Each structure stands twice: as C-alpha cells, then as structure tokens.
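Take the given structure of chain A and dock chain B to it, following the hints.
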Amino acid sequence: MANYKEIKGFHVQSQSTDPAASSMAAGSWASGGTMNTARKINGGSAGSQTAALGFGGGGPPYIGNTESYDGSSWTEGSDLNNVRRSTAGMGTNTAALAAGGYGGSNSNNVETWNGSSWTETTEINTAREEAGGSGTQTAGLIFGGNPALAVTESWNGSAWTEVSDLNTGRNAVGGTGQTNTAAICATGQVPGSPATTTLTETWNGTSWTERNDTNTSRYYASSMSGSSTEALIAGGATPGSPTANTEWFDGTSWTEINNLGTARDQQGGLKVGGTSTAALSFGGAEPSLSNKTEEFDAVTTPGIIEGQVYYNSSSTNAFKVTQYDVPGGTWASGGALNSGRSQNSGFGTQTAAVSAGGYGASPPSPNYRTLVEEYNGSAWSEVTDIPTATGDMASGGPQTAGFIAGGERPGVNIAETFEYNGASWTEGGDLNTARRDLIGAGTQTAALAALGAIDPPFSAEAETYNGTAWSTVTEANTARRSAAGGGTSTSALAYGGYTGSYVKIAESWDGSAWSETGDLSGDIKATLGGGGPSNSDQLAFGGYGGPPGSARYATTEHFNGSSWTELSDLSGARSNNNSLPSASTTQQLFAGGNTPPASYVTTTEEWTAPLANKTITIS
Amino acid sequence: MAYKYCTATNWGKGFFTHEERRQFHLSGHPGEVWVVGDNLYGDQWITKVAGAIKSKDQAQAIVDGEIETAQAAHDALSAEEQNRQTRPVKYNLP
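Chains A and B supply the protein sequences, listed in that same order.
Per our numbering, residue 1 is the first one in the first sequence, and the count goes up by one each step.
Per our numbering, residue 1 is the first one in the second sequence, and the count goes up by one each step.
Derived from the structure by calculation, the hints contain no laboratory data.
It should be emphasised that the depicted structure is a prediction, and the values quoted were computed from it without experimental measurement.
Negatives, chain B to chain A, calculated, CB over 10 Å:
hint	residue
1	Thr7
2	Asp38
3	Ile46
4	Thr47
5	Ala50
6	Ala52
7	Lys54
8	Ser55
9	Asp57
10	Gln58
11	Ala61
12	Asp75
13	Ala79
Here are the in silico distance ranges between beta carbons for each label pair:
hint	chain 1	residue 1	chain 2	residue 2	range
14	B	Leu77	A	Ser14	54 to 64 Å
15	A	Ser14	B	Gly14	19 to 29 Å
16	A	Asp297	B	Leu40	21 to 31 Å
17	A	Thr75	B	Asp75	27 to 37 Å
18	A	Thr206	B	Leu40	52 to 62 Å
19	B	Leu77	A	Asp519	49 to 59 Å
20	A	Ser536	B	Thr69	49 to 59 Å
The beta carbon of each residue, even a glycine, is placed where N, CA and C say it ideally should be.
If we strip away everything but chain A, and leave its shape as in the complex, we get (with noise of 0.2 Å):
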C-alpha cells in the first residue's frame, strides 16, 4: 500500500501535543504535593517551585504553621509568632518576610524567616490584611489591603517607607513582583457591586501605572507568580464561587490560559524566583479548607503555523488543520488618527492602511478633507494630500497600489478615480455614472464599484475597472446607498445600506451577475464597515440603522458564503468610518467616525482572529 507520502511527496507530521501560540498557551497545571495543613492561606507565601514556602492561614481558627515545598512534599516548620491570615508574603523559603495579616483585627504585624524560625521586625505603618506583596526579605513592597486600601509602603530592610498609592484601592488581590521596584497588583475587592474587579496596575518604584484588565473579573486570586513583566493569575472567586480559570500577563495584555484541575481561591503562590513560566498554587478554599498543590508549567511546543496539517498522537488521535478561527476574532484599541473624521475611505491591510478624505470638524467649518493618512499596524501619519477635498468614495487594493473612484464633494457626486503608489496620486478614467457612498472591491488594475446615491434615486449600477477605464457591467437587483462591500472585481459582496429605508440584503457579484444571498442576520443598517477577500468570506460592522433608523451599532457580522453570524462587538457604536474592503476576515481595521454626541472620532480598532488546531473532517 501506498503510504502518504508516495503519494503527495512529503510527510504528515506526527505531533504529541497541538501546536500553540506560544508556550504558555500550552501549559498546564499539574498535582503537586500535598500541604499537611490544608488552610485558606491567601498570600503567605514566598519562594520558587522547588522551593517555595507557605505560613500563616486560617479561616478562622488562625493558624501560624510554616510548611516548605522542595517539589514535590511539603515539610513543617516553625510557626509564625504572631497566629494569623492573610499575610503578604515575600522574598524566598530560605529568607521571607510576612507582613500584615489577620488575627482577630488587622494587624502590622511583621516577620523574618531565616530557614528554620521566625523574627519579628519593623511593623508597617498601616495595618491591613489581603495586601499584595512583592520583592526580598531585604527590599519589599506591600500594596492595597482590607479595607480597599490603596496605601503603598516600601521595605529597606529595616524600615517601611509610605510611597505612591496604588490608583485604584483594593484587597483580597493577586500581587506579585521580584524586586520592591518592579510588581504587579491584578484583580482583587472594590468596594461597591460588584465587588470584584478586572483592575491591573504596574509599579516602576515610583509611581502605579494602570494596564489592560484581567479578563476575568475576580478577588482572592492569592497565587499571583510573576513579574511586573510576566505574570500568571490563577483561581481567586467571583462572589461565593471559586474558579479555575488561569490568565498570562505577557507585559501588555492578559490572555486566558489552561485551568487549573481544582477551583479554589486564596491561595499561595510564588514571590522571588517565582515565574509565569513555573508556578505554584497551593492551598485556598473550595470552598472547604484544601491542601492541594498545583504546578503550571509552559512547555515547549512546535510553533503554530497557518495551514500546518498534523497526526495528534496523544490527545485526541486525530489528523488536524491549524487555521484562521474567524468567529474567535475579537476587536482591539488600534493607534489613534491623527485628525479625526467620518466617511473616510480605507484600503490596505490592517498593518498597512491608507485612510483617505472623509469629512472633519475642521478648517474652517465641518467640511470635506483632503487629508490622508498612512497606518502601520500601531500608530496613523500623514502623507500626502489627495488633489481635492472628498468624502464617501468606493475604495480597494493594497496601501502601494489602492484607488479611490466616485465620493461627494460640497454638494456635488463626482466621477474621478485617483490611484495612489505610496506616495502620491495620479488620476485615473472617471466612473461612467458620477455617485457618491457607493462600495468598492479589488485592486487598482482590476476593480469593482457598485450602488451609491446619484440625487435621486439611488443608484444599482456596477461598474469594473482596468486600470484605465471603467466599464459597466450588470447592475445588481437592489438600487441603494451607503452599503458595505469588498471582494475582489470578480468576487464581491454587497450587504446593508439604505434604499429609502435600510436593509438587510446582501447581494453577491460572480464576475457577470448579482444574486441575492444570505441577509445580514442582526441589524438593519447602512454606513457600515465591511470587508473581505471574496464574495464567500466577508465581515460586516459597525453602522447606522432602524427602524426606526436613529441608532448606531457595534456589531460584527460574518458572512461564509451562504449565512452571517454575529461575532464579537466593536467596543462602542459607531458609524461612516473607513474599513478595508479588499482585506482578510482575520485582520480588519476600523477608523474614525461618528459616535454622537462626539461626530468625527479618531477611533481605531483592529479586528484580529486568532489561529486554531481544527480536527478534519470528512462529511
């Protein structure tokens, strides 16, 4: 028998694991060693994975029992001197401190371990319990506490010095940090409902700084490992519920990682030497008292590549594909325009875009622009002008080789098309039928432009382009304007927009006929965002509709060539803004437009879906 490869010339990898995203992503906690006191221990805790150590605890009764972990069993040591909970741990299981806690009332109380026992120190100014703790026996930080405290003060070794207070105060929060200069404080107890929260913050030894949030929101999350660059959240509790759920900071934002096997909250975690790559949780409650020991671990795993088939030989014992997971996608803050404005038209990709005219607050009145900009996939500059001030124009190709065609100048439709390279414009053949808010799709050599507003009516023609000319070609069923659309000039889908009222309707463009095709599913709306690369893959959003037609909304749509359905929302309504017409359903740009009260908005947002492992499937 011919084997695979005889076949088609190479092989299917043969994977123990799916690939991932990164080695986080395929982490995973294990069973660790069990404690001999299990305990809510909600922070007391110091110390790396092969060496960590856990004291004090309680729910009540206090306890002040100190248990070292060498990876794989704990073993007892001496107690606290001071019986109680809730203490911020910090430095290592040779050499910790404990600080504050709980016994009965707050205390400010603090304690040195030196391996084998325990010596009281000099107590922090305010005393608390729920801190976050961070940094060595010799240079630590507390931060936050019961009562929502936002109080900082920083350790020398012998004194502890109030600095800057964290911005928003808390307890019961996750908090972790090498150094008394460098931490993190993540989740944690607000006051007010609810009373949990999604609240990050970084210290640099001056000042807090406040970050992307946890995605979950949540306090008791006690078993925070890390840095204030990298850092691992797992378990804590939405009120009266302990979750699993486990988080990756990777210095900017928080993605959702491997859960841990048992929920539990207040937990120990890890201090110096802890890291998000080896983290410990032990302890907490389930809601009864545990003893569990949980060890996370990054592992490393072949890179997640588009289009890589494999063999799973362990999990699930399946031949699988590693695609774009368009209804995974979701939408994030993209870098700011720097002039903001509506009705402005895109092309390009998401990290190399043009946004051309569109209509502004200024000079000297609300007017048309000629402004242009170019994005680079994090911040919007300016280049050069197109010739003339214009707005709502069809639009499509790359950012070195796109076109604009057609658009509204003071109360005037217009037929130019102007091609751009780059770096400047060149004008090219006029659409045969002057319109404005009309849909384009394809590339400066070989483009489509359909529907738009000719006053009155609207207006069903289709025209295709060259490079030098346009031609008509069938006009599609359904006259309308303000419409969204892409695809390629053989290939395209033109959904939405308003024909007196607003529609639904999608129509789609074979290269000689439209027919009608799936509606969008959700909103009735025109002057919406859309792209996509084909008339079978496209994503709809944003937008301005009815009835009774006096809304604006944040909603996505993806269409798979038969049927839409809804994703995951912009962060806010709006609508008019420039989208990419002619780019991927996995990497779309929306920028400016109007979110009344506040018209002419230099909002960006990027719409990216992540790759996924799928098994194949034969139907």
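What follows is chain B alone, placed relative to chain A:
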C-alpha cells in the same frame, strides 16, 4: 463534550500530570468530585486514581453537600468575619 463523574482522593504529586491535562478534560470540585472527559485517556486516569464512578446527579449531590457544609460554617462565623468573607453558593457541574 461528554463527561464522566467520579470521586477520587488527590494524593498529591502525580495524581494528575501535565500530559494527562492535555489528553482530556479534568476539573476538580468540592468533595473530591472529578469531572473527566469521556475518552480513552480519561478512562485510563479514572483507573489510575481508583476513581469511584458516580452519576452526574450523584456527583452534584456530593458537591451540594460540601457547599452546604461550607455555608453552615460561614453562617457560624462572627458578624465581622462574615463581612470579610463571602458565603459560598451552589453551582451546577458541567
């Protein structure tokens, strides 16, 4: 996803491994209840830990009982302690 339910005492290191976590769904719940992905590897793990198979209703009853015990313990705390801690709430197993 289909699950099996069992009780098994977590003995510590080696009770579940990183490799096993990648091979099947596993989540622990109060009362040493474990929800296990219904595949070959899940079955092998249940055998390894000498898990006692339960129906979903039986497993849920164990979890509910543990939470009721924790609720009673919370209710017995002083008013100040009750203010500092949250009363456990019941939830449904997957």
